[in-house]
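Participant: If you read the protein sequences in the order shown, they are chains A and B. Under this note's numbering, the first residue of the first sequence carries the number 1, and numbering increases by one thereafter. Under this note's numbering, the first residue of the second sequence carries the number 1001, and numbering increases by one thereafter.
Since the hints were made in silico from the structure, they are not lab data. Predicted, not measured: the structure shown is a model, and the values here were computed from it. Check before you lean on any hint, since a few could be wrong.
[Unchecked claim] So, partial list: chain A residues that the calculated Cβ filter (under 10 Å) puts toward chain B:
(1) E36
(2) G39
(3) D40
(4) L46
(5) L79
(6) G80
(7) R81
(8) G82
(9) E192
(10) D200
[Said to hold, decoys possible] Dumping the calculated SDA-like pairs for lysine to any residue here, alpha-carbon to alpha-carbon at most 25 Å:
(11) A/K209 / B/G1045
(12) A/K209 / B/G1229
(13) A/K209 / B/E1360
(14) A/K209 / B/F1237
(15) A/K209 / B/L1136
(16) A/K209 / B/E1193
(17) A/K209 / B/R1251
(18) A/K209 / B/A1205
(19) A/K209 / B/A1252
(20) A/K209 / B/G1044
(21) A/K209 / B/A1246
(22) A/K209 / B/M1244
(23) A/K209 / B/G1250
(24) A/K209 / B/A1220
(25) A/K209 / B/R1210
(26) A/K209 / B/I1206
(27) A/K209 / B/V1169
(28) A/K209 / B/D1170
(29) A/K209 / B/A1304
(30) A/K209 / B/R1003
(31) A/K209 / B/L1186
Ideal placement from N, C-alpha and C gives every residue a C-beta, glycine not left out.
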Amino acid sequence: MILGIDTSLGTAVAVIEPDGVVAATADSPNPLGHAEAIGDLLAQVLDPAVAITHVAVGMGPGPFTGLRVGIAAARAFALGRGIPVLPVPSHDAAALGLLLADTVAGADDTAPFAVVTDARRREFAYSVFEGTDDDGLPIRTTGPALAPRDELDDRLAALGAARRDVSAVPAAMVALAASRALAAGRTLATSEPLYLRSPDVTLPGAPKKVTA
Amino acid sequence: MNRHEPLVLGIETSCDETGIGIVRGRTLLSNTIASSMDEHARYGGVVPEVAARAHLEALQPAIEAALAEAGVSLGELDAVAVTSGPGLAGALMVGIGAAKGLAVSLGKPLYAVNHLVGHIAADILDSGAAQDAGPLEYPTVALLVSGGHTSLLLVRDLTSDVELLGETVDDAAGEAFDKVARVLGLPYPGGPEIDHAAASGNPAAIPFPRGLSRASDMAAHRYDFSFSGLKTAVARFVEANPEMLADDAGRADIAASFREAVVDVLVTKALNACRDHGVPRLLLGGGVIANRRLREVALERAAAAGVAVRIPPFSLCTDNGAMIAALAAELIASGAEPSTLAFGADSTLPVTEIQVAVPEAGPESARS
Ligand SMILES: [Zn+2]
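Modelling step: build the complete structure from the supplied sequences, incorporating the hints.
Facilitator: This is the structure:
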């Protein structure tokens, strides 16, 4: 069984069987409060009788402070059980969820589309996908990247991608993407969080004058 | 859970040190620290986002190193402990996320505790070093001085009764050292640099102001500190006397006089608190305690006032996870129930909240 964790938007956790059957899922849509929520949500989805074999975690992009809570929890959980962590770009998980829903609905699941999430500071984060590959994973053709809010639509038009705004990343899809990558012998992301921005700091200049 | 001598792993991420400590009751088994200080040096101070990123990368290796040093496995732990506050919110949240993930993974109780009270708990640990101070006696006044805080506490009981007497109203003392170091053209961190530069200086050369020490300040701020006026006074002096800064002896005098102003206020207010409360004991903690002059003046003036001074080993004075584990171990021994899992980071957690997310009293609420 695979435990999935994502805190790139809200706080989401799920336990799935390797084939994708969801055993338990719990989430909080609150874009804040990840540190408060993560413990109880984990306790809710875990069944002491069920052995977790891997922890899949969304690596972002997402607001840094919340994103780190999920990654820290995933790494510590895995350390506690002596099991591996499988990093997944959060947009890939969101795209997988959208593609599965499209297939179920009989919609065209090969047309390019962009997963778009709030990146704060008047920017969006986006990744462009085009269908699924033989491993059942979304094919990411662009991103993840940041765009100023008023430039995003032009950029997506140039890429011919339909815009799909996402406000929640399902943890079950993080786990499923990881499971499919594992079965195919692939890794979807490195262990580095997808911050997409360097720390917001300026180097100090000379000390300011205090006398007039 | 072994309540007598619990084996506890403590996680501390309130500032720029990723601290993992392991204790068995009052015995220190590991005090592992990964610091991101070097990454902050080029910015002249701790950058919260840089610190938080460093915590996330340092945690797992630090936990593994601490377990190896202590010679214990995660499965043997009786409890996990973590700093809930005060501190940098984004940095605290990394430790909290990890602590919850670990506690839930292991099915172990979690204790969320107060960083400042943790500094006091550092003193009860037997680190194997020669200890002639004997056990911590109550009540005691505690002066905690670091780059993140400057607080004066009255401790009647480590696990149940800690009172804030005063704290800084602006910069922490360690921050003042960093800022004045920049004014004097010295690198970060400022404490050791100023200590070094001041070695040959005359501490009485320049009468820098003692913050919140006038008679008119004493009613409302008897035990509070202020260092931003002092920093400005040093900057003003340097602008008016550039030739002094250019000269090694002049710079030594400025550094020594600044350091003396900080030390004088810290020690005077701490000893006032001892006298006012009839407490002949003073505990020092926090990274600034590394300052040689501060220890010297504190010991000298406390001896004259009949106050016994306790200083934990320096490795336990700076921020560390062992003190967090030690505080949790004391809470466990005193019968405290684990925290519920719903707590978050509280950057301004008051010292009266020694443990956070304490379950409501009642038979069903206790987690095991
Ligand atoms: Zn501290």
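Participant: All hints are to be evaluated individually against the structure, with a verdict given for each.
Facilitator: Now for the hints, and whether the structure bears them out:
Interface hint at A/E36: satisfied, since its Cβ lies 4 Å from the closest Cβ of chain B, which is below the 10 Å cut-off. About 3 Å separates the beta-carbon of A/G39 from the nearest beta-carbon of chain B, less than 10 Å, and the hint is met. For A/D40, the shortest C-beta to C-beta distance to chain B is roughly 5 Å, which falls under 10 Å, so the interface hint holds. The beta carbon of A/L46 comes within 7 Å of a beta carbon in chain B, closer than 10 Å, and the hint placing it at the interface holds.
At a threshold of 10 Å, the smallest CB-CB gap from A/L79 to chain B is about 6 Å, leaving the interface hint in force. The interface hint given for A/G80 holds, since its Cβ lies 3 Å from the closest Cβ of chain B, which is under the 10 Å cut-off. Given the 10 Å rule on beta carbons, the hint for A/R81 holds: about 5 Å separates it from the nearest Cβ of chain B. Evaluation of the A/G82 hint against chain B yields a held restraint, the C-beta minimum of about 9 Å falling below 10 Å.
Interface restraint check: A/E192 against chain B, minimum CB-CB distance 9 Å, threshold 10 Å, status holds. For A/D200, the suggested interface contact is upheld, since its CB lies about 6 Å from the closest CB of chain B, less than 10 Å. Restraint check for A/K209 and B/G1045: satisfied, since their Cα atoms lie roughly 19 Å apart, inside the 25 Å limit. Under the criterion of a C-alpha separation no larger than 25 Å, the hint pairing A/K209 with B/G1229 is consistent with the structure, at around 14 Å.
With a CA separation close to 54 Å, the supplied pair A/K209 and B/E1360 exceeds the 25 Å bound. The straight-line distance between the Cα atoms of A/K209 and B/F1237 is roughly 11 Å, inside the 25 Å bound, and the hint therefore holds. Taking the CA atoms of A/K209 and B/L1136, the gap is near 47 Å; set against the 25 Å cutoff, the hint is violated. Using a Cα cut-off of 25 Å, the hinted pair A/K209 and B/E1193 holds, with the two alpha carbons roughly 22 Å apart.
A C-alpha spacing of about 18 Å is found between A/K209 and B/R1251, which places the hinted pair at or below 25 Å, so the restraint holds. This hinted pair checks out: A/K209 and B/A1205 have alpha carbons roughly 23 Å apart, not beyond 25 Å. Note on A/K209 and B/A1252: the hinted pairing holds, with a Cα-Cα distance of about 21 Å set against a maximum of 25 Å. Only pairs whose Cα atoms come within 25 Å are accepted, and A/K209 paired with B/G1044 is accepted, the gap being roughly 17 Å.
Using a Cα cut-off of 25 Å, the hinted pair A/K209 and B/A1246 holds, with the two alpha carbons roughly 17 Å apart. For the hint pairing A/K209 with B/M1244, the CA-to-CA distance comes to about 17 Å; that is within 25 Å, so the pair holds. Annotation: proposed proximity of A/K209 to B/G1250 holds, straight-line Cα distance about 20 Å (limit 25 Å). For the hint pairing A/K209 with B/A1220, the CA-to-CA distance comes to about 31 Å; that exceeds 25 Å, so the pair is violated.
Taken as a hint, the A/K209 and B/R1210 pair is honoured in the structure, with Cα atoms around 22 Å apart against an allowance of 25 Å. At most 25 Å may separate the alpha-carbon atoms for a hinted pair to count; A/K209 and B/I1206 meet this at roughly 20 Å. Of the pairs offered as hints, the one joining A/K209 and B/V1169 holds, with about 23 Å between alpha carbons and a cut-off of 25 Å not exceeded. Of the supplied pair hints, the one linking A/K209 and B/D1170 holds, its CA atoms being roughly 20 Å apart against a limit of 25 Å.
Note on A/K209 and B/A1304: the hinted pairing is violated, with a Cα-Cα distance of about 41 Å set against a maximum of 25 Å. The hinted pair formed by A/K209 and B/R1003 fails the criterion: a straight-line CA distance of about 57 Å is larger than 25 Å. Restraint check for A/K209 and B/L1186: the C-alpha separation of about 17 Å stays at or below 25 Å, so the hint holds.
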